[in-house]
Amino acid sequence: MIMTLLFISILSLAVNSQMARSVWTGTVYIKADGSIDPSDAPIITYDNMTYTLIGNITSSADGIVVERDNVIINGAGCILQGAMNGCGVDLSGRSNVTVMNMRIQNFEFGIFLYSTLQCAIYGNTLTNNRYYGIGVNSGLNNTVFGNILFNNINFGISIWGFSHDVHIQENKITSSDIAGISVSDSYNITIFKNEISENVDGILIYNSTNNEVSGNNITQNRHAGIEFFLESINNVIFHNNFVNNAFQALTNNNINYWDDGYPSGGNYWSDYTSIDLYNGPHQNETGSDGIGDTPYIIDEYNQDRYPPVHNESIPWGDWQHYHNYTEIVNTLLSLNNTFPNIVDVFSIGKSWQSRDIYCIRLTNESNTDPKPKVLFVGYHHARELISAELPLYFVSQAAINFGTNETITYMLNYSEIYVIPALNVDGFDSVRKNEWQRKNAHPFDEDGDGLFDEDPPDDEDGDGYIEDLYYWDGINYYFIRWEGIDDDGDGLKNEDRIGGVDLNRNYDYQWQGGSSDPRSEVFKGTAPFSEPETQALRNLALEHDFMYALSFHSGAELILYPWGYTYNPPPDVMMFQKISQDLSSITGGTIYMQASSLYISYGLWDDWMYGNRSTFAITCEIYTNNSAWQYEPGPEPKTWWEKGVFQYFNPDANQIETVIQRWLPVFTYITNRSITEFQHHNIAITDVTALKTIVGQGYTASINVTVVNQSGQTETFNVTVYVNTTAIETRQETLVRGTLKNLTFTWNTTDFAKGNYTIWAYAELVPGEIDMTDNICANGIIKVGVPGDVNPFDGYVGVDDIFTIAWHFGTEPDGPPNPNGRYYDPNLDINDDYYVGVDDIFIAASHFGEEDPP
959 MIMTLLFISI LSLAVNSQMA RSVWTGTVYI KADGSIDPSD APIITYDNMT YTLIGNITSS
1019 ADGIVVERDN VIINGAGCIL QGAMNGCGVD LSGRSNVTVM NMRIQNFEFG IFLYSTLQCA
1079 IYGNTLTNNR YYGIGVNSGL NNTVFGNILF NNINFGISIW GFSHDVHIQE NKITSSDIAG
1139 ISVSDSYNIT IFKNEISENV DGILIYNSTN NEVSGNNITQ NRHAGIEFFL ESINNVIFHN
1199 NFVNNAFQAL TNNNINYWDD GYPSGGNYWS DYTSIDLYNG PHQNETGSDG IGDTPYIIDE
1259 YNQDRYPPVH NESIPWGDWQ HYHNYTEIVN TLLSLNNTFP NIVDVFSIGK SWQSRDIYCI
1319 RLTNESNTDP KPKVLFVGYH HARELISAEL PLYFVSQAAI NFGTNETITY MLNYSEIYVI
1379 PALNVDGFDS VRKNEWQRKN AHPFDEDGDG LFDEDPPDDE DGDGYIEDLY YWDGINYYFI
1439 RWEGIDDDGD GLKNEDRIGG VDLNRNYDYQ WQGGSSDPRS EVFKGTAPFS EPETQALRNL
1499 ALEHDFMYAL SFHSGAELIL YPWGYTYNPP PDVMMFQKIS QDLSSITGGT IYMQASSLYI
1559 SYGLWDDWMY GNRSTFAITC EIYTNNSAWQ YEPGPEPKTW WEKGVFQYFN PDANQIETVI
1619 QRWLPVFTYI TNRSITEFQH HNIAITDVTA LKTIVGQGYT ASINVTVVNQ SGQTETFNVT
1679 VYVNTTAIET RQETLVRGTL KNLTFTWNTT DFAKGNYTIW AYAELVPGEI DMTDNICANG
1739 IIKVGVPGDV NPFDGYVGVD DIFTIAWHFG TEPDGPPNPN GRYYDPNLDI NDDYYVGVDD
1799 IFIAASHFGE EDPP
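FYI, my numbering numbers position 649 of the sequence shown as 1607, with every residue one higher than the one before it.
Hints should not be assumed to be uniformly reliable.
[As the list claims (entries may be wrong)] Result set (DMTMM-like, lysine to aspartate or glutamate): computed pairs, CA atoms no more than 20 Å apart in a straight line:
id : residue 1 : residue 2
1  : Lys1391   : Glu1441
2  : Lys1741   : Asp1758
3  : Lys1712   : Glu1808
[Said to hold, decoys possible] Using C-beta positions, here's what the derived DEER-type ranges look like:
id : residue 1 : residue 2 : range
4  : Glu1364   : Met1533   : 23 to 33 Å
5  : Ile1728   : Ile1544   : 56 to 66 Å
6  : Asn1630   : Gln1535   : 17 to 27 Å
7  : Thr1678   : Asp1758   : 47 to 57 Å
8  : Met1533   : Ser1312   : 38 to 48 Å
9  : Gln1311   : Ser1473   : 31 to 41 Å
Rather than coming from a laboratory, the hints here were simulated on the basis of the structure.
All of these numbers come straight from a predicted model, not from anything done at the bench.
No residue lacks a Cβ here, since even glycine has one placed at the ideal position from N, Cα and C.
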């Protein structure tokens, strides 16, 4: 019955989602006969079973009072605002009522269930209510599921008054001043898979027996993770994670059960320090089993006999299914709560449908030395679900194995690893509607009727696949259409498909060459970085200097490096080939330069990362199944239905971990390579060039020096230019890794004797630099003589010298030839003002007849 009502509620919401929301003041009654009192209240119903809010409600007393059974109250995201009095929703005496999708705040009691039977409180947000967010008094068989409760002053959820068989599951409860969940004078209460953090007590059980607390994350509560009072015995507590609570558990001499036996195990305790060398019910058999070898002692009456050595919050523990967006987010946030010293999870932006795009940063925060940064990105394309599983698996394993696995510990000690498991976060829902979907959720009006995405592909024949129809002319296949029905009643099928932009064609590097057709699988968007998803990644990349970056895709088993937009190789082609060869030897993937070996592509992620950010960026295509395609005869001769796209891009669920294990070592390879290069220190001088080879005594000469930072990090160093053994200038420079800089030094020859001088430059060794062979560079000789002695340099200023200068009159660097067809010659620019003019002729003339020696 509940599920039927939920379905009707969703239909009702869809019909009315576009109605304008207003603010209404007063108390609303849903009467026993199904009527709404007062009639102008912002609630509608079409069947007297589903009641949907269409506007916000403000009340100084109760908000909504329900007097009818077997109904759904759908808040549709509207706000129920109180004045710290009354109940937000009063369900007293009700049975089979669901309250969902409501935002309730500032009441005395958020949702009150008194003497209720089989009621469900689902998907609501309750904040700043005086006594509790959700309260159940004398209730039976009620469910509290998937709610967010924040800053409710006494309790988040409170169960009391001999309630029993109440199920509290998957709620997030924070910042309660007494307890996140309170159970008093009740029994058979199940508290399962909740996130309970930053309350005074996480869970408070008072004079209650035979309750079960399992699968919860109980973290950073200011007093106790869980506390028992009075006769609270025979409760079972297992598979929870007690992390960084002031007191993990307080029993007040009540005896309870703290594990589920062997091998199921007990609870994870963040302050548990035992090792895992043995297994078995008595932990005396050789070989580890994930359970600590000694019990976790709570007090003299209570102990957890089988505490796991790793966090039990493993929403990622099941690799036999594809994780959806919510599961991925829960995994990341759980890691963040459990391992705060090595994990930092943060949103880098929001998607088209306003979902957060999360990045997880892994590093040992206690090591504050500079570290290299690497980036891994999954799930650009919606149908490539396996590309999100791989990075998700890595971050979970890295977090839980830090400190016990030598390789992981080294990586996190000496690098910063940034991972975006899923960039196209709306894709998880899009691909459920159409397994062909590659792009993001940006809607487009492909058929130009003013409506968006109203006629997408459908599973017309109900076989579980959305098929595409092809025509075969004996040589080639030609696409006709996808399977579908006429959703919008215009006589055409799926002409306005699920829209979207190909995120991996939306980056601002040679973007203009991509497809401008919104119907194309590789539609580039309306502008570079037009999509919020690519904007989010761009902003992260601009904020950090990533040495290496990998992006994961599927549909092939390849290692792809830039460029995609041209057949010409990148400047660092040798480096890319070396890295790709190493990755290929690890995974078996075939190596290609994107464009030269596959096809020209514009606006690619790795082209932008390399071309704009100087990051060595590579794409890994990690899975394909060419035998996945299935074919059936079409409606006309030589036509065929094709299906199997999901299996082409993704392995069966029972093979997910097999694919992951094949590609998992790429994280280690890239990270360790960055550490090695980062710890390599080398400054090089690659060129020393004097603009002049002849300079008049007392005048200046410019000397250009090219310095390169070949280290893995930013370096600050001194560069000195010498003539013979005399230093003429020292300059301090700072260069980021992999960059070069051209420096110009000026030599004033006033105090130098006439003669030949060798010019050279020296870059001082930076800390950790061993090879100094490239720190010195000498190149050429400058001759110092009588000003004006230029042609030839023979120790005498004569007519030939003055004539030569005059013949070049009016020339300047990079300028056109003068009327005599002569170009600028720096040796003739005696006063070094980058122009051969009257001043230079005058200087030469004033020294006419001088010779050296005199």
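Do the hints match the structure? See the list:
A C-alpha spacing of about 12 Å is found between Lys1391 and Glu1441, which places the hinted pair at or below 20 Å, so the restraint holds. Between Lys1741 and Asp1758 the CA atoms are separated by roughly 18 Å; this keeps the pair inside 20 Å, and the hint holds. Between Lys1712 and Glu1808, the direct Cα distance comes to roughly 13 Å. Compliance with the 20 Å bound is thereby established for this hinted pair. Look at Glu1364 against Met1533: about 28 Å separates their beta carbons, and that is inside 23 to 33 Å.
Between Ile1728 and Ile1544 the beta carbon distance is about 29 Å. The supplied range of 56 to 66 Å is therefore violated. Between Asn1630 and Gln1535 the Cβ separation comes to about 19 Å, which falls inside the hinted range of 17 to 27 Å. The hinted range of 47 to 57 Å is not satisfied by Thr1678 and Asp1758, whose Cβ atoms lie roughly 37 Å apart. For Met1533 paired with Ser1312, a C-beta distance near 40 Å keeps the hint of 38 to 48 Å intact.
Between Gln1311 and Ser1473 the beta carbon distance is about 23 Å. The supplied range of 31 to 41 Å is therefore violated.
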